[in-house]
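Spelled out, the chains give:
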Amino acid sequence: MENLERILSEHPFLEGMSQKHIELLVGCASNVVFKAGEFIFREGEPADNFYFIRHGRVLVETHVPQKGPIVIRSRAEGEIFGWSWMVPPYKWHFDARATELTRAITLDGKCLRTKCEEDHDLGYEIMKRFALVIAERLEATRLQLMDIYGNGLKK
Amino acid sequence: MASKSEKLIEVVSDDPMLARPFTIRRVIKESHDTFSMELEKPSGRKDFNFLPGQFNMLYVYGIGEVPISISGDPTMPRTLVHTTRAVGTVTKAMWNLKVGESIGVRGPYGTAWPAAESEGSDVVLITGGIGLAPLRPVIYYLLANRGKYGKIVLLYGARTPEDILYVKQLEKWRARFDLEIHLTVDRATGAWHGNVGVVTQLIKRSPFDPLNCVAMVCGPEVMMRFTVMELEKRGVTEDRIYISMERNMKCGIGLCGHCQLGSSFVCKDGPVYRFTDIKDKFTKREM
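If you read the sequences in order, they're chains A and B.
Here the numbering used here is used: position 49 in the first sequence is 49, and no number is missing along the way.
Here the numbering used here is used: position 259 in the second sequence is 259, and no number is missing along the way.
If you're looking for bench data, these hints aren't it; they were derived computationally from the structure.
Keep in mind it's a predicted model, so treat the numbers as computed, not measured.
Glycine included, every Cβ here is placed at the ideal spot set by N, Cα and C.
Don't take every hint at face value.
What the hints assert, rightly or not - Derived contacts from chain A toward chain B, CB cut-off under 7 angstroms, selection only:
(1) S30
(2) V71
(3) R73
(4) T99
Could you put together the complete structure from these sequences and hints?
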């Protein structure tokens with residue numbers, strides 16, 4: 001637990017969070033390891049976790065019939081992924097797959113939702129941090145949709 | 001004393017609007033629509049010296065002329081290299097040229113990346129799409145003078161894995177321990193195991209010192225706008241950010257006005273600008 005507390009308190013996502021709240025998070029945290037190629041979650045399954053990647057790489061993808069998987073985003077060391085745990089109906093919208101041996105800390109979403117309801121200061125802290133993540137990903141998705149590297153001026 | 005005809009030749013050869021014929025020595029297909037041409041100077045001419053970031057006007061005889069950045073090694077000025085995407089009339093005609101044929105060249109024109117001025121600092125090069133081509137000369141330069149710089153980091157975003165330029169060279173550079181390269185693509189299938197997402201997302205976790213770095217950015221303007229924002233979030237000040245602009249350049253010497261950007265001419269005052277010098281114009285939609 002002490003190790004988990006240290007790792008979480010040093011993670012950029014939780015920078016500036018009070019010790020009391022870190023300790024509450026640690027109560028919902030555990031270490032996980034995924035083999036290369038292993039699915040961490042699949043679209044439509046209950047979204048009851050989110051992840052802090054410690055080593056490795058995870059692809060967030062969707063499966064398109066007759067085309068196969070299309071990768072939407074990758075996540076690597078030092079990043080988090082998975083925010084469906086905080087938005088009803090708490091189902092994953094995409095698949096997540098480790099492309100290499102990946103070590104992560106996972107937080108139990110159900111446990112965390114309960115703690116956030118009990119301690120609104122914690123809930124607000126978590127919400128602020130996830131709002132930034134969601135905004136950043138929305139912006140990145142818009143840039144991807146612009147297809148900015150397509151053909152430029154006709155010369 | 002020179003004869004009248006010799007004087008005439010001298011005057012003509014000094015004409016910045018006169019393209020000189022270079023011979024195509026090698027064509028390298030970089031991707032499905034992008035290629036590099038190695039050009040050889042006309043016999044007897046001196047080396048083609050240029051600064052990283054400068055461009056030439058390339059003339060496909062009978063078709064037209066386009067500004068193309070020099071993408072070769074400034075420390076090896078005997079060979080002139082340009083990387084081009086075949087998108088329009090002139091560049092598609094260029095794509096069809098064969099080894100041994102001629103192409104007109106005039107230049108070099110424009111401003112350069114602040115390579116020498118960046119000594120002692122980390123250098124972060126951020127690029128997207130074909131924007132890697134104008135940055136490649138500065139990478140050659142930095143590596144040729146490696147001891148004078150701190151960390152050198154290249155962040156490169158491409159549309160898909162198939163659109164990545166200079167694949168073999170990137171692999172060689174990646175094998176070095178003194179140059180850090182991070183690639184990402186906007187779209188990928190399951191066969192790609194690298195980063196997926198826009199290049200701006202790489203800035204956040206990139207290992208350079210924001211308080212002692214120079215950032216050189218080249219790519220589509222939208223990408224550069226978001227890149228500047230991310231660099232500022234990391235703490236890089238605007239005076240340490242340089243961008244390369246693209247406009248419809250025709251004369252290359254600030255006469256025709258096609259590339260005018262407010263009071264500035266991109267061909268002459270750019271294409272490389274310190275961000276603070278162009279900030280006001282950069283964000284104006286009318287420009």
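Here's how the hints hold up against the structure:
For A/S30, the suggested interface contact is broken, since its CB lies about 24 angstroms from the closest CB of chain B, more than 7 angstroms. Interface restraint check for A/V71: the shortest CB-CB distance to chain B comes to about 4 angstroms, inside 7 angstroms, so the restraint holds. Interface hint at A/R73: satisfied, since its Cβ lies 5 angstroms from the closest Cβ of chain B, which is below the 7 angstroms cut-off. Given the 7 angstroms rule on beta carbons, the hint for A/T99 holds: about 4 angstroms separates it from the nearest Cβ of chain B.
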